[in-house]
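Sequence order for the protein chains is A and B.
Here my numbering is used: the first residue of the first sequence is 112, the next is one more, and so on.
Here my numbering is used: the first residue of the second sequence is 315, the next is one more, and so on.
Think of the hints as simulated: they come from the structure by calculation, not from any bench.
These numbers were taken from a predicted model, which means no experiment stands behind them.
For each residue, glycine too, the CB sits at the ideal point set by N, CA and C.
Be aware that one or more of the hints could be misleading.
[Stated by the list, open to error] Chain B side only, calculated, beta carbon under 8 Å to chain A, not exhaustive:
1. Ile568
2. Leu705
3. Val708
[Unchecked claim] Once the Cα atoms are required to be at most 27 Å apart in a straight line, the calculated DSS-like pairs of lysine-lysine come out as:
4. B:Lys806 <-> A:Lys117
5. B:Lys806 <-> B:Lys663
6. B:Lys663 <-> A:Lys117
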Amino acid sequence: MGNVIKKLMIGLVVGGALVGATRAFEFPVIFQMMFFAYAMLGAVVFMILDAPALTPMSGLKSVIVLVVFYVVLCTVYISGASMWPQYDPEDEKGKIAKILGPKYAATQQGKAEELIARAKALDEQTKALAARLKALGGDQAGKDQAAGGAGASPASSGAATGDFMKLGEEQWQLQECYNCHKLKGEGGKKRGPELDNIASYLSVDDIKQKILDPKSFMAEGFEKEYEKGKMPDKYKDLMEEKDVVALASWLGTFKNTSVNTPKPIKKK
Amino acid sequence: MQQQGGWFQRLLQAGRGHGGMFSALLWAVGLLSLPALAFGADVAPAAATEYRDIPYIGSRNLVWVVAQLHLLLAGFVLGVPIFAWLCEVVAWKTGEKRYDKLAKEFTKLLTSAYATTALFGGILLFLLISFYPKLMNYLTDIFFPSFIVYCLLFLVETATLYLYWYGWDAMQDGHKKTFHIFLGFMLNFFAFFIMIVPNSWATFQASPVVLAEGSDIARAWAATWNPTWWPVNIHRLIANVVLGGYICGAYAGIRYLSARNAEERDHYDWMGYVGNFIGVFGLLPLPFAGYWLMREIYQYNQQMGITLMGGFLSWLFILQAMLIGVLFLGSNYYFWLGITYRIPGSELKYRKSMLSMLIILLLCLGVWMTPHSLVASLEEARKMGGTHHPLLGVFGVMSAKMTVSNLMILVTFMSFIMYWRAGKEETAGWAKAAKALMSALLVLAGIAVVVLGVWGYFVPAIIRINYFSTSQVMIVLFVMLTITPLTALLLKSAKTTTEMVWGKMPPRAGYALVLNAIMVILLMTLMGYARSSSRVHWHVYGVLRDSSQYAFSPALGYAAGIMALNTFLFCMIVAFIFWVATMSDKAKASHS
Numbered sequence: 112m113g114n115v116i117k118k119l120m121i122g123l124v125v126g127g128a129l130v131g132a133t134r135a136f137e138f139p140v141i142f143q144m145m146f147f148a149y150a151m152l153g154a155v156v157f158m159i160l161d162a163p164a165l166t167p168m169s170g171l172k173s174v175i176v177l178v179v180f181y182v183v184l185c186t187v188y189i190s191g192a193s194m195w196p197q198y199d200p201e202d203e204k205g206k207i208a209k210i211l212g213p214k215y216a217a218t219q220q221g222k223a224e225e226l227i228a229r230a231k232a233l234d235e236q237t238k239a240l241a242a243r244l245k246a247l248g249g250d251q252a253g254k255d256q257a258a259g260g261a262g263a264s265p266a267s268s269g270a271a272t273g274d275f276m277k278l279g280e281e282q283w284q285l286q287e288c289y290n291c292h293k294l295k296g297e298g299g300k301k302r303g304p305e306l307d308n309i310a311s312y313l314s315v316d317d318i319k320q321k322i323l324d325p326k327s328f329m330a331e332g333f334e335k336e337y338e339k340g341k342m343p344d345k346y347k348d349l350m351e352e353k354d355v356v357a358l359a360s361w362l363g364t365f366k367n368t369s370v371n372t373p374k375p376i377k378k379k
Numbered sequence: 315m316q317q318q319g320g321w322f323q324r325l326l327q328a329g330r331g332h333g334g335m336f337s338a339l340l341w342a343v344g345l346l347s348l349p350a351l352a353f354g355a356d357v358a359p360a361a362a363t364e365y366r367d368i369p370y371i372g373s374r375n376l377v378w379v380v381a382q383l384h385l386l387l388a389g390f391v392l393g394v395p396i397f398a399w400l401c402e403v404v405a406w407k408t409g410e411k412r413y414d415k416l417a418k419e420f421t422k423l424l425t426s427a428y429a430t431t432a433l434f435g436g437i438l439l440f441l442l443i444s445f446y447p448k449l450m451n452y453l454t455d456i457f458f459p460s461f462i463v464y465c466l467l468f469l470v471e472t473a474t475l476y477l478y479w480y481g482w483d484a485m486q487d488g489h490k491k492t493f494h495i496f497l498g499f500m501l502n503f504f505a506f507f508i509m510i511v512p513n514s515w516a517t518f519q520a521s522p523v524v525l526a527e528g529s530d531i532a533r534a535w536a537a538t539w540n541p542t543w544w545p546v547n548i549h550r551l552i553a554n555v556v557l558g559g560y561i562c563g564a565y566a567g568i569r570y571l572s573a574r575n576a577e578e579r580d581h582y583d584w585m586g587y588v589g590n591f592i593g594v595f596g597l598l599p600l601p602f603a604g605y606w607l608m609r610e611i612y613q614y615n616q617q618m619g620i621t622l623m624g625g626f627l628s629w630l631f632i633l634q635a636m637l638i639g640v641l642f643l644g645s646n647y648y649f650w651l652g653i654t655y656r657i658p659g660s661e662l663k664y665r666k667s668m669l670s671m672l673i674i675l676l677l678c679l680g681v682w683m684t685p686h687s688l689v690a691s692l693e694e695a696r697k698m699g700g701t702h703h704p705l706l707g708v709f710g711v712m713s714a715k716m717t718v719s720n721l722m723i724l725v726t727f728m729s730f731i732m733y734w735r736a737g738k739e740e741t742a743g744w745a746k747a748a749k750a751l752m753s754a755l756l757v758l759a760g761i762a763v764v765v766l767g768v769w770g771y772f773v774p775a776i777i778r779i780n781y782f783s784t785s786q787v788m789i790v791l792f793v794m795l796t797i798t799p800l801t802a803l804l805l806k807s808a809k810t811t812t813e814m815v816w817g818k819m820p821p822r823a824g825y826a827l828v829l830n831a832i833m834v835i836l837l838m839t840l841m842g843y844a845r846s847s848s849r850v851h852w853h854v855y856g857v858l859r860d861s862s863q864y865a866f867s868p869a870l871g872y873a874a875g876i877m878a879l880n881t882f883l884f885c886m887i888v889a890f891i892f893w894v895a896t897m898s899d900k901a902k903a904s905h906s
């Protein structure tokens, strides 16, 4: 017993020293805890190396002990896995819906469902309008229409441009361009060039060409990456025409000359 | 996009929500309108069903559990013959009958284990055809020729297994024994092909090679020889040896815990030692095979590599590090227990070395488990100036992880050598020089691995991956391939100072063996999840999309729950197989 207490004390002292050191280096709290856990794990391994033998068991008792042992292991495992930062499956569901949505809408069934949905929405709007007309009278309804009510013209061209740019930014996220390109200070820059000043070099059509055919332009200093075909040649199959145009148009707005975006060289 | 299960689930849910009356009405309407289907069928052809589902469990979960159980059982029935054959060869060469007995004891499991594996394979096939008809149609179209090869392989494998098992007692002497050894070799030879044929189907899904034109055989061959096929084949072959060894160890551990007499304790203690030895023997080169696989994945499709190592699955590898770390600790702990209890007098001699090795293992584990992007609160991130800590962030990259995994392999190898040499005194004249050479090799290798690891931070990634990491692997392999035969030569003429005593291990040795087996099974289930999730929402990456409602990847915590369930079910099935296979022995023992 004295031996066990001695090892436990050593473990606690080493663990405490590690926590002190990790605090001094401003490690995140979870790492301070993990370093303490490593010290205790070491102490436990050494304690049970020469701890007194357990009483041998047999029959049902031994089976129960084994199952309990398994349950403890799995509880630690599942808790550990659940405590790590979890990615949210809803994010991927959203991405899948965005990718598959237009393809599904293009099918006969998709078209039929869309028509039904639109008919339902129109029906709802008609009912709501009728209710308001009934409640307010004809004059009020006319004012509503002038002020952009249910019967107003569609969104202004400014809003449409905004939506189009938003679609471009969405495509940036959806196609995970940030994995290889840095933009607005976020994302990787080892595999592909930073793009904050891309509009100073390429037109929207050029950017579109580069997305659809990665071999059409080569960034200066990225010769090896170009030769190896690091940029995937898959976007012509994965993306709709309007998505490519939206992404290219959005990237075509980046003209930050303070960022050293490498010069693209036309290859095709 | 067809979700045949969706309307059925909605119907069931509607029925639950509004009482039985509504459901009964719906069913009645459905039954009465059945004749209308005959007329309706002529109007427009129904679209092909792409997916089906089942309520409550969900088709994906069910396929996940059955596929994982089939794969684990397959690993078991492919790993056990390797294990049994190696033991039989040792018995044949050394004349030690107990190895032959051990080999026979495990071969006995194979007939029932094969039947169970085939049963789960059949269930899996029916489920896949039912739930994923679109995918199965596509795969059948590509792989039809290899389906036939697979069936033929099963026929020859089964015939060889029957000959090997039922001919055991009849082929014990002279040329007959040689023929029996040859049969064991053929059993493993066919088993290897039984493993690699379905591997081609699974790896094709991750790294497809699709020929638009050509004969059926040419298309199937191109699809089979895809970029990740051989890395997975080698990785699984080694992993099966590890699984076979550790399952043998766990079985021995359980039997040791419930042993009723000294003879049983001796036998199962020794069996645990052999199982752990073979498990560690396979475990040491396993990270190299894993590294090769990841390298091929990166070269095939960088995006997939990023998804695994730097994307949403990156935390999975921290969990993997935890499992491998515990496995290394468990295996070393078992060696140290062996030195302490089986070789009296050695514990004091090696105590300091054990403590040093434990500290190195824990430090390595700490580095391996450090993620690239840290878990930090906003306040912590501000203090650090980002999500990468200036010191800890250094440990999160591949260079550090490769270094510590190589160091852990070296330490485990040292434990094994220490155990091997314990209780013996070298008598050869060159013993001193050989020991000095071995120590120098180990120290130099350790330094070289660390230097290359640190240097790796200052060179481009391509140089680090192609030259530095590969050199680290080669150095460790060189050390193992040099020191093992040198030690064997040294011990050939050595004097035994302390005889190894079997049956004296404390019960916790049995638990350590069970722990190791559970870690290996959990690791296999975790890697199954990684392989499947790395394809994201594709059945066949970049070729055939998954458009079912289960196209998304489940979160890690949820997946860990299913992995734990699969591990438990697999252990129960294996326990059942052991129980059935040893039933007649127990009856014979009680009669005599």
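Under the criterion that the straight-line Cα-Cα distance not exceed 27 Å, is the pair B:Lys806, A:Lys117 satisfied?
-> violated (41 Å)
Given the hint that B:Lys663 pairs with A:Lys117, does the C-alpha gap stay at or below 27 Å?
-> holds (20 Å)
Hint check: is the beta carbon of B:Leu705 less than 8 Å from a beta carbon of chain A?
-> This interface hint holds because 6 Å falls under the 8 Å limit.
For the pair supplied as a hint, B:Lys806 and B:Lys663, confirm whether the alpha-carbon distance does not exceed 27 Å.
-> holds (22 Å)
Hint check, B:Ile568 versus chain A [nearest Cβ-Cβ separation less than 8 Å] = holds (7 Å)
Have a go at the B:Val708 hint: is there a Cβ in chain A nearer than 8 Å to its own Cβ?
-> violated (12 Å)
Hint violations for this structure: numbers 3, 4, all remaining hints satisfied.
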